[in-house]
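Below, each chain spelled out in residue letters.
Number of protein chains: 4
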Amino acid sequence: MKDALFRRVAGDGAGPYDPQEYRIEEVFDASCMKDVQSEPDHRNVAINKVGIKNLRYPVTVLDRDKGQQYTVAAINMYVDLPHECKGTHMSRFVELLHLFRPKLSLKTFSDILTQMKSHLDARSAHIEVTFPFFMEKQAPVSQSIGLMDYTCRLVGSINSSKVDLVSEVRVPISSVCPCSREISVHGAHNQRGMVHLRTRFKRFIWIEDMIELVERTASCDVYSVLKRADEKYVTERGFSNPKFVEDIVRDIAVELKKDKNITWFDVSVENFESIHNHNAYAYISSGGQPEI
Amino acid sequence: MKDALFRRVAGDGAGPYDPQEYRIEEVFDASCMKDVQSEPDHRNVAINKVGIKNLRYPVTVLDRDKGQQYTVAAINMYVDLPHECKGTHMSRFVELLHLFRPKLSLKTFSDILTQMKSHLDARSAHIEVTFPFFMEKQAPVSQSIGLMDYTCRLVGSINSSKVDLVSEVRVPISSVCPCSREISVHGAHNQRGMVHLRTRFKRFIWIEDMIELVERTASCDVYSVLKRADEKYVTERGFSNPKFVEDIVRDIAVELKKDKNITWFDVSVENFESIHNHNAYAYISSGGQPEI
Amino acid sequence: MKDALFRRVAGDGAGPYDPQEYRIEEVFDASCMKDVQSEPDHRNVAINKVGIKNLRYPVTVLDRDKGQQYTVAAINMYVDLPHECKGTHMSRFVELLHLFRPKLSLKTFSDILTQMKSHLDARSAHIEVTFPFFMEKQAPVSQSIGLMDYTCRLVGSINSSKVDLVSEVRVPISSVCPCSREISVHGAHNQRGMVHLRTRFKRFIWIEDMIELVERTASCDVYSVLKRADEKYVTERGFSNPKFVEDIVRDIAVELKKDKNITWFDVSVENFESIHNHNAYAYISSGGQPEI
Amino acid sequence: MKDALFRRVAGDGAGPYDPQEYRIEEVFDASCMKDVQSEPDHRNVAINKVGIKNLRYPVTVLDRDKGQQYTVAAINMYVDLPHECKGTHMSRFVELLHLFRPKLSLKTFSDILTQMKSHLDARSAHIEVTFPFFMEKQAPVSQSIGLMDYTCRLVGSINSSKVDLVSEVRVPISSVCPCSREISVHGAHNQRGMVHLRTRFKRFIWIEDMIELVERTASCDVYSVLKRADEKYVTERGFSNPKFVEDIVRDIAVELKKDKNITWFDVSVENFESIHNHNAYAYISSGGQPEI
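Residue numbers (the working numbering), protein chains in the order written: chain A, 1 to 292; chain B, 1001 to 1292; chain C, 2001 to 2292; chain D, 3001 to 3292.
Treat each hint with caution, since some may be false.
What the hints assert, rightly or not - Each computed EDC-like pair below joins lysine to aspartate or glutamate, with the alpha-carbon atoms no more than 20 Å apart:
(1) D:K3107 - D:E3168
(2) A:K258 - B:D1041
(3) A:K86 - B:E1255
(4) C:K2086 - D:E3255
(5) C:K2258 - C:E2212
(6) A:K257 - B:D1041
(7) B:K1034 - C:E2212
(8) A:K103 - D:E3255
(9) C:K2086 - D:E3136
(10) D:K3117 - D:E3168
(11) B:K1257 - A:D35
(12) D:K3137 - D:D3259
(13) C:K2034 - B:E1236
Stated by the list, open to error - Computed list of chain B residues with no C-beta within reach of chain A, every gap over 10 Å:
(14) Q1037
(15) R1043
(16) K1053
(17) L1062
(18) K1107
(19) T1114
(20) Q1143
(21) R1170
(22) H1186
(23) F1244
(24) D1247
(25) D1251
Stated by the list, open to error - Taking CB as the label site, the calculated pair distances span:
(26) B:K1258 - C:R2043: 49 to 57 Å
(27) A:F204 - C:R2043: 53 to 61 Å
(28) B:N1261 - C:D2121: 34 to 42 Å
(29) C:I2145 - B:T1263: 53 to 61 Å
(30) B:K1258 - A:K162: 29 to 37 Å
By construction, these hints were calculated from the structure, which means they are not laboratory data.
For each residue, glycine too, the CB sits at the ideal point set by N, CA and C.
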């Protein structure tokens, strides 16, 4: 038996990956080598997911305002393995990723998943892509421009021909404690928090829209550049808008429930309490759909 | 309204926490302070989990051979919050934990969960406790003794009166690649891997039993002290026992399916491949029961 | 040549490690095995540090109030290797640690380092021990008791017969921004911060003393249990005591400079700004002594 | 007093940051706000470093083969603060970084450091930039192409007018144990390791050159794509080239000492031992120059 490689057989390979342009072919004589992975297995145990984990790769992701942005992802790719097969072909995940790298987004996830299923002879396929995402953001008074970073994650699965996508954002926020404000003569404890929102949807949604939805629910959102007039603004806005983790997670849930495009969500808020060395946490799930 | 504290009203507090010995009482005049958390909420959104996250605490856990061992845990504690309540009482989690600290194990989890539900006026409660666990282990030839460390996690939930427990172990192993061994004139690539096993069960199970089950399925288990004669042994044992991630995850699944006490499991193996900078991964779930 | 092991030859092994009670002996016939590590090396390059890294071990550390406390450490141990030796004997580090485990503190560091140098035939030895340390702490008004956790690190080196010790504490604090307070009509942004203090000293110092010194310089210190009356207290205390990272790092430096027992220090403060997703940082070194 | 902002006063801002094109100006009336940072300080303690830490930013770095590549960095920026000044102006670091972002490399570090010193009225300035760096790499037999990722770090300081630069690479490698190979009938334990190399130099050096130097000293280098013929090659190459951590760190030191362009280095190798749950470690410093 010979070893297989992806080879381009048509086109120039410049645009996004077109499966018509490639085929898997045997490119060198590996007939002397036993293909252990392809041997039969007799334990009668199917494997839900097998593949590669934590591969770092530069990727291009869709950007609502600029068309696309460059970033770096940590990528996991899995397929299922039927009970009668001994092993999967790990190198094909990386080869396939290398071909798809130019265009990675919710829009191309179905293509990647379909190709994974096909090239790995599988019935289901999974991909998880985690990356920092950047948005330009103006300070509220001085209009000074900086970049905010958000850790995002796209998760896709295909099962038979049904594709399931989940879009995740982690959004740093500022929260002011209502209890502390109420009972104290001056001031109120406040802190950085992190919101983790996961959504399923009917039509494509922009990462940026989910980030902005979360930021609107905070006591105040956070910025990378703040001049003194901005600092005054965000301090006063937060103080006039105190919220518990319970309030923030609920306000996000209320917004998401209004959106008919969102078919499922869960959301957590974790506050890095300024008065403790542990965190406050709240979590809401819309229920209904199982986790990916 | 006054603020509440746990106070011992009977007994000497020396043994494990006995709820008969404590009551929540109002211990100082906080009547001038508004209790913002206890106000009604009108958003009509219940919260699945609210509480504290990542609190480090010294704990005592059950040890099969020595009765108990001292370790340090990172602890999360949550309850649900009905739609009509504005906030929970975060400080009560820490107070309750402080009382239970002397004895933390699967055996006492039901008590803790019941107390959480009661003292926080909740319908469900959750606790997650992650800690390093140590076992003495003799080198296979020299019998030299060292300690192995395993990251473990106990997760408990109570819903109405039904308690759901999950026991998790992370076990480092050594794996030798069967393909590499088969096709190479000499040697075979091998590496450290990490097995993550989660189980539900009918009767109490020892963490140690789960760890030993996993270690038996590896190409070879790992040790903290190995003299040269041991190193020869583990090298040769691994080489004569090559396994893919697929093999290890399946062999663990086969063993668990034989055990009538295990009602649910999932298990993953992640190999820190010595020939790549990414990892190989395989995952099997017994299916059926939802995740905790 | 035969393989060597630590064996107890006197005493009962119950107390702290007594080198008189142990000797390294050849315990089994390893004469058929080549001792590759002991071969000569011809590259003419001495190695500054060689050993083991990130070994987790349960340890007992000194406690000012209770005598001792149990915790779990991550341990690094190194020796130098002269240019003419090919390799060191990695297993001896773990064996030696296993013997010393009952008593690990600044007070026993000199003994461990001396034994490492001796048993590894080295001219210098280094040990780094990182662990969570717990202190009981009463809430300021309700007197409710909880445990605070601090990540600590003891670092020791021996060179010829000179022992160099560094004691490190990481102390979480709360800081209130003076600028925000000054320019805002209401409130002031505040946040959790982390102080990292390293000291060299003439006479033994308690970890607890260093922690308390740091906590006194914060806008307010942090607690694990705070009832509402406490929350009012810490909010108001922080608000009346606003400090930049620059102020906190300086106030710590001023205190340390007054202490004739401290021969060297460096200290950093990192604030997890509630208005940004990045941190504010300040660092002062007393200069003079080189880093360990 | 008014607040200051960077404003472009000439040019189109399209190329790399040109200080001639920008000036700091007062852009809005902040005269009602007290400038707390600019007040005098009376503690008589200078601060070595004050600034921002862990700001994530997309950056463009020099690429030996392609001119440049896009990646994402975590950035720290500090200046010193004289004893008589109360605070620094944190927002200016981010503003300055935003202007320099298009071109970040060892070549532009002197410019950034000079600007930091100037705009923050400081006598010294420091910048630390950590980022994943990618190199295309062909499998040794099949020539299959993948991307390898390396975590790199550029560190620069300016003191008076003297600039000090350090270039750091972290390179994953594969190592085969010589002892295990020698004493075992079949096989030899091997594992992934991580080399951390830091260098100072006379003339500009490519990150890629340092990475390739390290990879040549391993038992075998690692790849992202390996077909079976490649796997046979890397297994056999590693087995015929066994090395301890001591050997690898020495071989790197020997190569660096030959290079007259390298004025200082230190290098560590950490092996994630496949037979232990702890790591083997070796470290060599060329000595002489102090750490940055």
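Here is what the structure says about each hint:
no. : hint                          : verdict
1   : D:K3107 - D:E3168             : holds (15 Å)
2   : A:K258 - B:D1041              : holds (19 Å)
3   : A:K86 - B:E1255               : holds (18 Å)
4   : C:K2086 - D:E3255             : holds (18 Å)
5   : C:K2258 - C:E2212             : holds (15 Å)
6   : A:K257 - B:D1041              : holds (17 Å)
7   : B:K1034 - C:E2212             : violated (32 Å)
8   : A:K103 - D:E3255              : violated (41 Å)
9   : C:K2086 - D:E3136             : violated (35 Å)
10  : D:K3117 - D:E3168             : violated (23 Å)
11  : B:K1257 - A:D35               : violated (29 Å)
12  : D:K3137 - D:D3259             : violated (25 Å)
13  : C:K2034 - B:E1236             : holds (16 Å)
14  : Q1037                         : violated (6 Å)
15  : R1043                         : violated (5 Å)
16  : K1053                         : violated (4 Å)
17  : L1062                         : holds (25 Å)
18  : K1107                         : holds (25 Å)
19  : T1114                         : holds (21 Å)
20  : Q1143                         : holds (34 Å)
21  : R1170                         : holds (15 Å)
22  : H1186                         : holds (15 Å)
23  : F1244                         : violated (5 Å)
24  : D1247                         : violated (8 Å)
25  : D1251                         : violated (8 Å)
26  : B:K1258 - C:R2043: 49 to 57 Å : holds (54 Å)
27  : A:F204 - C:R2043: 53 to 61 Å  : holds (60 Å)
28  : B:N1261 - C:D2121: 34 to 42 Å : violated (51 Å)
29  : C:I2145 - B:T1263: 53 to 61 Å : violated (40 Å)
30  : B:K1258 - A:K162: 29 to 37 Å  : holds (34 Å)
Comparing the model with each numbered hint stated earlier shows that hints 7, 8, 9, 10, 11, 12, 14, 15, 16, 23, 24, 25, 28, 29 do not hold.
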